[in-house]
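Construct the complete structure from the given sequences, taking the supplied hints into account.
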Amino acid sequence: MIAYGCLGILFLFIAIKIAVYFHRQKKAPSPEDLDETLLEIANPRGDRA
Amino acid sequence: MMTKKKPLILRPYHKTSYAYEKLRICKHCRFFTVLWEDKCANCGRQALIPVMQQARIQAKHSMQNERLIALLMTLAAVLFSQTFLQIILSLAGGFLLTGLLWWVQRKTVEPETRRQLDKLLRSSERRIIEGIYMNLTTASAAIKDDEQLGYEILREMATIVRNDRIRLQQIMLLQSFALRKDMDLTLEPLMIEDFEPALAEYIGELAKIKRELIKHQAIRYVLRYEREILEMKNGSRILALVAGAAVRMKTYVDAYPDFILRYVRQMPKDRFLRLYRLVRRHPDQPWNGLRNEVSALYNEKYRWDPEFQNWE
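Heads up: the sequence lines are chains L and R, in that order. Numbered according to my numbering, the first sequence terminates at residue 49, and the numbering increases by one at each position without gaps. Numbered according to my numbering, the second sequence terminates at residue 1312, and the numbering increases by one at each position without gaps.
Treat the hints with caution; some may be incorrect.
Below, in silico cross-link-like pairs of lysine-lysine (DSBU-like), each with a Cα-Cα straight-line distance of 35 Å or less [to be verified]:
1. R:Lys1015 to L:Lys26
2. R:Lys1144 to L:Lys27
3. R:Lys1107 to R:Lys1301
4. R:Lys1027 to L:Lys27
5. R:Lys1060 to R:Lys1005
Output of the computed footprint for chain L on chain R, the stretches with three or more beta carbons under 8 Å from beta carbons of chain L [claimed, not checked]:
6. 1006–1020
7. 1068–1078
8. 1089–1095
9. 1113–1123
10. 1128–1136
11. 1195–1203
Derived by calculation from the structure, the hints in this document are not laboratory data. If you're wondering where the values come from, they're calculated on a predicted model, not measured in any experiment. For every residue, glycine included, the Cβ atom is placed at its ideal position computed from N, Cα and C.
The following block contains the structure:
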């Protein structure tokens, strides 16, 4: 019984992880977004030209 | 007295698709740098890697931990099994589910890596700024002893630090070098908003040795500050050179006929020849009087020149 319980928890864990991965895949930043983030950090508004 | 320009060979510049590809992090002390150094300037270790590689390591560690948790749960299920059938089911179910997780992780490793990089950049804002500041200090120290090295450092930094101060420093340094056609030179990243005589001179130099770098942005810059450039010592020569570079493509003649018209008489012969051939090939276009001026100049100076007879 406990064994099946562990398997059930494992199943839930994997299902949630897979859902999270697919959700994150849609929301993942593009290389252009990453560039913009870095440029914003390196060029604070006051210094930017 | 004219300062003698230094001949030199610049380190090749490796252009990247994205600015973050130039940023590296020390695996040991988490110091950031834009430069090409082998050792970390902060801790001295040879532990510098591109930030994307660090993000990939973090993503893979996280995924590995999840697979480990899944295997531990499988092990727990096996340990708590009371019959042989339960053991088989626990093992099969556990491995199947872990395999499924592994398969999904393989498909999503790229977006996960980008997500980790985003997280790394946002959480390391202060350290990135400290790294850039240290690189700037290195550049200032280098400029005093070795202007070429100073320029090369500033060129790398300009990929990420985008302000007129850095651009101006690069332009000033470039003006002290003897520029050649085979050098890895750029113009667009150095364009500043305000008028700067050194930039106008640099544009004039490029118009002589690397015409292909004179594009719309450069032409518009000299047009915007034409009056100020004419007040410079070689101002009209710079403008004539830019006009001469512009005639290499019909696009620029179409866009700036008035500008070219103003300096057509000061163009060197080879540039005028280029313009003459272009004008002859498009008999239906007047270009605001440029055609007439080209004809007049041809009749005055080049009518009997054999080079002008083969314009096809």
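Evaluation of the provided hints:
1. R:Lys1015 to L:Lys26: holds (29 Å)
2. R:Lys1144 to L:Lys27: violated (47 Å)
3. R:Lys1107 to R:Lys1301: Judged against 35 Å, a Cα distance of about 70 Å means the pair is violated.
4. R:Lys1027 to L:Lys27: holds (28 Å)
5. R:Lys1060 to R:Lys1005: At roughly 52 Å apart (the allowed maximum being 35 Å), lysine 1005 of chain R and lysine 1060 of chain R break the hint.
6. 1006–1020: Since 4 is at least three, the answer is holds.
7. 1068–1078: Since three or more residues must qualify, the claim that chain L covers the stretch 1068–1078 of chain R holds, with 7 doing so at under 8 Å.
8. 1089–1095: n = 4 at 8 Å, threshold three: holds.
9. 1113–1123: Coverage by chain L holds for the stretch 1113–1123 of chain R (6 residues, Cβ < 8 Å).
10. 1128–1136: As far as the stretch 1128–1136 of chain R goes, the hint holds, because 3 residues have Cβ atoms under 8 Å from chain L.
11. 1195–1203: violated (count 0)
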